[in-house]
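Student: Spelled out from the first residue to the last, the chains are:
Number of protein chains: 2
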Amino acid sequence: MVAAEENPESFFAAAPPLRDADAFAARLAEFLARNSAGIREGGRRRIVCVTSGGTTVPLEQRCVRYIDNFSSGHRGAASTEYFLKAGYAVIFLNRRGSCQPYCRFLPDDSFLKFFDVDAESKVQVAECHAPVVKKAIGDYCKAIEGGSLLKVPFTTIFEYLQLLKLVATSISSIGPRGMFYLAAAVSDFYVPWDSMAKHKIQSGGGPLDMRLSQVPKMLSMLRNQWAPLAFCISFKLETDPDILIQKADMALNKYKMNIVVANLLATYKEEVIIVTDKERSTIRKINKDEDLEMQMIKILSQNHSKYICGITNECNQSPD
Amino acid sequence: MVAAEENPESFFAAAPPLRDADAFAARLAEFLARNSAGIREGGRRRIVCVTSGGTTVPLEQRCVRYIDNFSSGHRGAASTEYFLKAGYAVIFLNRRGSCQPYCRFLPDDSFLKFFDVDAESKVQVAECHAPVVKKAIGDYCKAIEGGSLLKVPFTTIFEYLQLLKLVATSISSIGPRGMFYLAAAVSDFYVPWDSMAKHKIQSGGGPLDMRLSQVPKMLSMLRNQWAPLAFCISFKLETDPDILIQKADMALNKYKMNIVVANLLATYKEEVIIVTDKERSTIRKINKDEDLEMQMIKILSQNHSKYICGITNECNQSPD
Numbered sequence: 001m002v003a004a005e006e007n008p009e010s011f012f013a014a015a016p017p018l019r020d021a022d023a024f025a026a027r028l029a030e031f032l033a034r035n036s037a038g039i040r041e042g043g044r045r046r047i048v049c050v051t052s053g054g055t056t057v058p059l060e061q062r063c064v065r066y067i068d069n070f071s072s073g074h075r076g077a078a079s080t081e082y083f084l085k086a087g088y089a090v091i092f093l094n095r096r097g098s099c100q101p102y103c104r105f106l107p108d109d110s111f112l113k114f115f116d117v118d119a120e121s122k123v124q125v126a127e128c129h130a131p132v133v134k135k136a137i138g139d140y141c142k143a144i145e146g147g148s149l150l151k152v153p154f155t156t157i158f159e160y161l162q163l164l165k166l167v168a169t170s171i172s173s174i175g176p177r178g179m180f181y182l183a184a185a186v187s188d189f190y191v192p193w194d195s196m197a198k199h200k201i202q203s204g205g206g207p208l209d210m211r212l213s214q215v216p217k218m219l220s221m222l223r224n225q226w227a228p229l230a231f232c233i234s235f236k237l238e239t240d241p242d243i244l245i246q247k248a249d250m251a252l253n254k255y256k257m258n259i260v261v262a263n264l265l266a267t268y269k270e271e272v273i274i275v276t277d278k279e280r281s282t283i284r285k286i287n288k289d290e291d292l293e294m295q296m297i298k299i300l301s302q303n304h305s306k307y308i309c310g311i312t313n314e315c316n317q318s319p320d
Numbered sequence: 001m002v003a004a005e006e007n008p009e010s011f012f013a014a015a016p017p018l019r020d021a022d023a024f025a026a027r028l029a030e031f032l033a034r035n036s037a038g039i040r041e042g043g044r045r046r047i048v049c050v051t052s053g054g055t056t057v058p059l060e061q062r063c064v065r066y067i068d069n070f071s072s073g074h075r076g077a078a079s080t081e082y083f084l085k086a087g088y089a090v091i092f093l094n095r096r097g098s099c100q101p102y103c104r105f106l107p108d109d110s111f112l113k114f115f116d117v118d119a120e121s122k123v124q125v126a127e128c129h130a131p132v133v134k135k136a137i138g139d140y141c142k143a144i145e146g147g148s149l150l151k152v153p154f155t156t157i158f159e160y161l162q163l164l165k166l167v168a169t170s171i172s173s174i175g176p177r178g179m180f181y182l183a184a185a186v187s188d189f190y191v192p193w194d195s196m197a198k199h200k201i202q203s204g205g206g207p208l209d210m211r212l213s214q215v216p217k218m219l220s221m222l223r224n225q226w227a228p229l230a231f232c233i234s235f236k237l238e239t240d241p242d243i244l245i246q247k248a249d250m251a252l253n254k255y256k257m258n259i260v261v262a263n264l265l266a267t268y269k270e271e272v273i274i275v276t277d278k279e280r281s282t283i284r285k286i287n288k289d290e291d292l293e294m295q296m297i298k299i300l301s302q303n304h305s306k307y308i309c310g311i312t313n314e315c316n317q318s319p320d
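Chains as they are written, first to last, in full-length UniProt numbering: chain A, 1 to 320; chain B, 1 to 320.
If you're looking for bench data, these hints aren't it; they were derived computationally from the structure. Computed from a predicted model, the values in this text were never measured in an experiment. Any given hint could turn out to be false.
Copies of the same chain are indistinguishable here, so a pair counts whether it falls within one copy or spans any two.
Said to hold, decoys possible - Think about it this way: if two alpha-carbon atoms lie no more than 25 Å apart in a straight line, the pair counts; the simulated SDA-like pairs of lysine to any residue are:
{"hint": "1", "residue 1": "Lys151", "residue 2": "Ser72"}
{"hint": "2", "residue 1": "Lys269", "residue 2": "Arg62"}
{"hint": "3", "residue 1": "Lys269", "residue 2": "Gln61"}
{"hint": "4", "residue 1": "Lys247", "residue 2": "Gln61"}
{"hint": "5", "residue 1": "Lys165", "residue 2": "Ala26"}
{"hint": "6", "residue 1": "Lys254", "residue 2": "Glu270"}
{"hint": "7", "residue 1": "Lys254", "residue 2": "Pro207"}
{"hint": "8", "residue 1": "Lys269", "residue 2": "Arg96"}
{"hint": "9", "residue 1": "Lys85", "residue 2": "Gln302"}
With these hints in hand, go ahead and build the complete structure from the sequences.
Tutor: Here you go:
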């Protein structure tokens, strides 16, 4: 345990290997090549990795029970839409079954797969839903066909961190034009695979005592080794307002994040605080029909521009 | 903890109160009145409570983290369809977001709400999906309009057990014509509400030690107090074949179940073992397009008939 907490590499060494890792690496390379190549109007293409949804921690190798983190994935899905609109290419690293871009007002992502959208984009749905459904399908197809959105699903903490490492080490090739928007709710504690019960834990023997190890803090790895020049934004979600800012500042300094977005479970849809080493600015939802993410992505994109400018002197450029 | 383990009532006393309990009780009473009243062809109406999906165990009162049980809810959803087909009225006590009756081949239940099915039942979907989608919507509407299906969602172990108790004490009014088909994956361990962390558990302090209390075995309450005459079928899911039958026999005797359905995580879709005090019969899937639940419900319904006959002398009757 202690070893894993001190040394992230031993976490990876002990983790169950990623399925289809080679196939994913190939898809990722193809996506990065297509989107980072060439000069786009207003400057070279930026690529953001948006992580979204909660990770699970299996309690048994043949998993019946697991610990999960609350996260609808709504923030990550909404942010992905606004990053694409702002001209970013987006790697959407998302929890299987969590909220998907352009599907926030639809029952489910796979919903889309069940429709034919013809020339007149006729969709047989109830009148009241028709407009939003048509728009969602239109925007979704545009993003997919444009090749600027790559969706990558995960479920467990083991899958998530291995995928994040693969993405990060690849994105490092575009230096400061790469961004990490780490909105996923990542487990703080886990049961190392090798010390995990092989079969379903049996009840009947009185209370169950569990010792969970700390998940190594991968933000340091991301910042210092995987993608040292990338613009990194992490999130701090708390339920206790008294410790929120203090925790955000800690994350900012300890992991050298460029920005920490601080929010409370009770109000995260209405208000966030953007924390940098220079300032703290609170963003509030203005009207209920507007996504808070619209304002957030605008500000974060501007900060990213300044950052790129400072490092490469490619200044005064819009993302696309 | 110890108290809660020995005395189920203290579990309920300490549980967070059910939301809209009165509204639910009213819906339940109305459903039971409609479906238990009157003589149906071949005998009086039977009512089964099908429980489905996994329960969650919150680790914090303002829940960010929780322990979940693996269960797609496919078995409960499929069984509900066959119980309805066999003439039962069904109370479908299901995990929010789990697999829903008639939607097993659809992306999501709420999917249905997005369609208009007109006179020609025209639905604008891809040709290949059109038939299954149309059939699903047709069967679903029939069951809902017929008033013989009541869907009741839950998420936490606290909601599940309080709802089960409400249903059971109500169904007891129809004696042996009531059935419980307990397919839900119910947590064995939980954190009592009053001993639960109020805020998000903080990381950084090294490993996390958790003591989980045993959930009181409510099958005894169901059998002995809530619905003493109901026909009770419980499930035993294991990952280790060596202990499966032994665990099933234990459940049968300890909780006086009428039937225990034993299955292994690796093969539960292809094979189950029906365990009674008289016999053990293995049911296997014959062809891949056929639901195992079709055979299961036929056999369970026959056993239910014998049971009713033995108690009330209402014999040789089909469920409807």
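Student: Now look at each hint and say whether the structure bears it out.
Tutor: Here's how the hints hold up against the structure:
1. Proximity of Lys151 to Ser72 under the C-alpha cut-off of 25 Å is found in both arrangements, the shortest distances being 16 Å within a copy and 23 Å between copies.
2. Taking identical chains as interchangeable, the C-alpha atoms of Lys269 and Arg62 lie at most 25 Å apart only when they sit on different chains, with a minimum of 16 Å there against 36 Å within one chain.
3. Proximity of Lys269 to Gln61 under the C-alpha cut-off of 25 Å is restricted to the inter-copy arrangement: shortest distance 20 Å between copies versus 36 Å within a copy.
4. Taking CA atoms no more than 25 Å apart as the test, Lys247 paired with Gln61 passes between copies only; the shortest distance there is 20 Å, against 33 Å inside one copy.
5. Proximity of Lys165 to Ala26 under the C-alpha cut-off of 25 Å is restricted to the intra-copy arrangement: shortest distance 15 Å within a copy versus 53 Å between copies.
6. In the homo-oligomer, the alpha carbons of Lys254 and Glu270 never lie at most 25 Å apart, since the shortest distance is 27 Å inside one protomer and 52 Å across protomers.
7. Proximity of Lys254 to Pro207 under the C-alpha cut-off of 25 Å is restricted to the inter-copy arrangement: shortest distance 20 Å between copies versus 37 Å within a copy.
8. Taking the shortest alpha-carbon separations for Lys269 and Arg96, both the intra-copy value of 22 Å and the inter-copy value of 22 Å come in at or below 25 Å.
9. Proximity of Lys85 and Gln302 under a CA criterion of 25 Å is satisfied intra-copy only: 14 Å inside one chain copy versus 60 Å between copies.
Of the hints listed earlier, the one the structure fails to meet is number 6.
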